[in-house]
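Chain order of the listed sequences is B and A. Sequential numbering from 896 applies to the first sequence in this note's numbering. Sequential numbering from 896 applies to the second sequence in this note's numbering.
If you are wondering where the hints come from, they were derived from the structure by calculation, not from laboratory data. Honestly, I wouldn't trust all of these hints.
Any copy will do: because identical chains look the same in the list, a pair fits if it lies in one copy or spans two.
Calculated lysine-lysine pairs in the DSS-like style (CA-CA distance at most 27 angstroms, straight line) [as the list claims (entries may be wrong)]:
id: 1; residue 1: 965; residue 2: 955
id: 2; residue 1: 1142; residue 2: 1349
id: 3; residue 1: 1304; residue 2: 1239
id: 4; residue 1: 967; residue 2: 1176
id: 5; residue 1: 1349; residue 2: 1161
2 protein chains.
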Amino acid sequence: MDITAAYTDLYQITMAQVYFVTKPNGKAVFDYYYRRNPFDNGYAIFAGLEDVLDILESLKFSESDISYLKQKGFENEFLEYLKNFSFKGSIRSSKEGDIVFPNRPILQVEANIIEAQIIETLLLNILNFQTLIATKASRIRYSAKDAILLDMGLRRAHATGGYYASRAAAIGGFDSTSNVKAAEDYNIASTGTMAHSFIQSYDNELDAFRDFAQVRPKNCVLLIDTYNTLKLGLPNAIIVAKEMEDKGEKLFGIRLDSGDLAYLSKKARAILDAADLSYVKIVVSNQLDEFVIKSLKEQHAPIDVFGVGTNLVTGRPDAALDGVYKLSEYNGDPRIKLSENIIKVSLPFKKQVYRMTDADGLFYGADAVAIYTEGEIDKMEHPFDITKQIDISALKKEPLLELVMEDGKRIIPARTVTEIAEYSQSRLAQLPDEYKRFQNPHTYKIGLSSQLKKERNDLINKHKS
Amino acid sequence: MDITAAYTDLYQITMAQVYFVTKPNGKAVFDYYYRRNPFDNGYAIFAGLEDVLDILESLKFSESDISYLKQKGFENEFLEYLKNFSFKGSIRSSKEGDIVFPNRPILQVEANIIEAQIIETLLLNILNFQTLIATKASRIRYSAKDAILLDMGLRRAHATGGYYASRAAAIGGFDSTSNVKAAEDYNIASTGTMAHSFIQSYDNELDAFRDFAQVRPKNCVLLIDTYNTLKLGLPNAIIVAKEMEDKGEKLFGIRLDSGDLAYLSKKARAILDAADLSYVKIVVSNQLDEFVIKSLKEQHAPIDVFGVGTNLVTGRPDAALDGVYKLSEYNGDPRIKLSENIIKVSLPFKKQVYRMTDADGLFYGADAVAIYTEGEIDKMEHPFDITKQIDISALKKEPLLELVMEDGKRIIPARTVTEIAEYSQSRLAQLPDEYKRFQNPHTYKIGLSSQLKKERNDLINKHKS
């Protein structure tokens, strides 16, 4: 399946036709943001921007899309418009890899309303998923400390979504992936070990290990739990490690994929060390997540490499980020969506977001949202609580939304996954630990400028009356 | 991203190279099966087969894949092999859309071990995900009874996995999708309504409704909760419905996307009926799943159409099916994978699975697994409990695994999603209700032939000694 402009919800095209007939030149500003941090985490890692920009630059309806829409009853004049469709708008965005928070714009699209509407689904589809997985990966990295992290989830991923999961995992802090296609296209490190089937295809395990070590001696990892981990697999691995030493080679590691990983890794470490194989690493896998890894670390399990699959690439248990795309301006006028739930009321206007840094270079713990035309602000107010406000005049303020696409062309240079991952780590290093803990992380504040708050409240009152 | 043979785990290629050097002509049989029904459901709906067959028929490594693997250090002779790689094996499978159960083969691959290994990841990736989503859709269909079900999850799906989610949802019982691309390629019905942004782009809601109804009068659904559902949205929708009547048109429906859907749908139904608009349907959405729909039905909420998004396309809360691919024969010899957990011991041999039907044409509640060469069997034994066996001699037995691909070519005609969905419904109609309930569904039995059980136990004992 190629991503074309038909990679969208039908209602986008239906609404587009109405706009085409009734107000073809409407100019819209849409905000992308989410409402709740995934996994009850203290932050999210914004990911997917480069893919969105790449796709948008060449987005078209294919001939087959046009035939399909004709068959759906769309009219010829509108179909002619769609044949020539391209996205010609502007995008202002947070940097990919930055830490982001709920209820503040992460990205703003400014475009003809037809174009802005048609790209909505694609944009949400790519950004919601990659942000979810990069955030999960970031939590796993936090647990695993300096251990090596390997993504091996493709077989349990949501079909071709697994391709994007491997990219997002790298941004969130994984060292490598088993996913060849993603590694090839995104220039991510790729690694792999061996499967049980490899060993089963031999009459005995030792022969399997020997063949593997002979043909693939470099980074060789032997899977030792097919029949009996400590009584059979480990002794066979030690035999092969010694045979490799005789040839001047070194066994990279052994892998445990079942049983109690804390117990087995300690036993295996002791046996390997007693055999003078302290350089042989211990690789583990089997339904790992950030909590299992945290527990293994707390038990001082001597594990060098964690292979994480299902829980990483599916973003369990949340499995989705609740990102939305809301109209905030139309033809220069501010727009708002009301809700019974005050948290769900959207923020009107084209906006800028400022992040404050303290004297030590750490994030102050607050992003302030202002109307774009206001420029820098001195005071930040709580979005609803009228008793809460903070003087931010003395703090260093960084504007977070930068122009990344103009007239449908990207205007920032392409960044590699490695560059994005490094930027993400540098930003996380500025975030105090209290926002990173898993249990009730400290709440990073999102405030509004006084002007934005007043104008929003005026709009609410106007609609309520 | 195009799916090529590099859409796999690196270890498959590493193992392939070892096989290529040491035993290039090994012949393997692999079983695809899963271990636990998703969502604690009583069954799963098998989906994804047609996609797998289509992809396998033309699977190749691209030039860029070969360059990448060269750069990864794979040797020239093996790279030459990969350049000419195609899948030339056979596949025997359950029919797509059938109801399936844990711990029995759903599909068997018989091929050169290199080919069988390289396709493992792709096969698991497509089948695990689509089976998960078709099963979720089936549960939602069970709750919703005869109501119309609309998939609208693309924006929260796992990137391009959403394309396959829409296909699987249709197989599991959904009537239509918002996903234009999937509808176009898989010939699924597509539908859509309107977004809040459409209404927000107008100075008032009534103008928005009027423009929409004028341009798109067919299947017109008005979203009534942007500002105030009962005080503003519904009265405006009624004005437009009456204006449409004057032109000989009929408003299809109104949509509720927030608030208490039971309360609001009853109020809206009464108000519409009082305005002589009993034909106007009520469409609802907002974080629906099988449990919310069941509750709405129990409250007699007069809802005609349920739009389901996130919980459907992400397969929440499970988010993954634990499907595996295990070697069961190598060069004609049975193979087994042991485990500390007896449930995880694999079944050796090339096999056939039989489903028993009772005199009323209902499924008897048991599938029996036998060695392929045994032919039909008279007795089925519990896999582990030596006290349990069933005489099945008098029951009608249907062999479930049919040859679908031979020498790398599909030998069954392509089936449309609609045909597969209809087949699935016909199979579900044969399954007694006690296997369909959500709370502790009755356990559908999986038994072994006496010969398979004895041979498996002999293999376990051989490896243990």
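Taking the hints in turn, this is what the structure says about them:
1. 965 x 955: So residue 965 and residue 955 pass the 27 angstroms test inside one copy only (16 angstroms; across, 34 angstroms).
2. 1142 x 1349: Classified as neither: same-chain Cα gap 76 angstroms, cross-chain 44 angstroms, threshold 27 angstroms.
3. 1304 x 1239: neither (32 angstroms within a copy, 53 angstroms between copies)
4. 967 x 1176: So residue 967 and residue 1176 pass the 27 angstroms test across copies only (21 angstroms; inside, 59 angstroms).
5. 1349 x 1161: The answer is neither: 61 angstroms in one copy and 37 angstroms across copies each exceed 27 angstroms.
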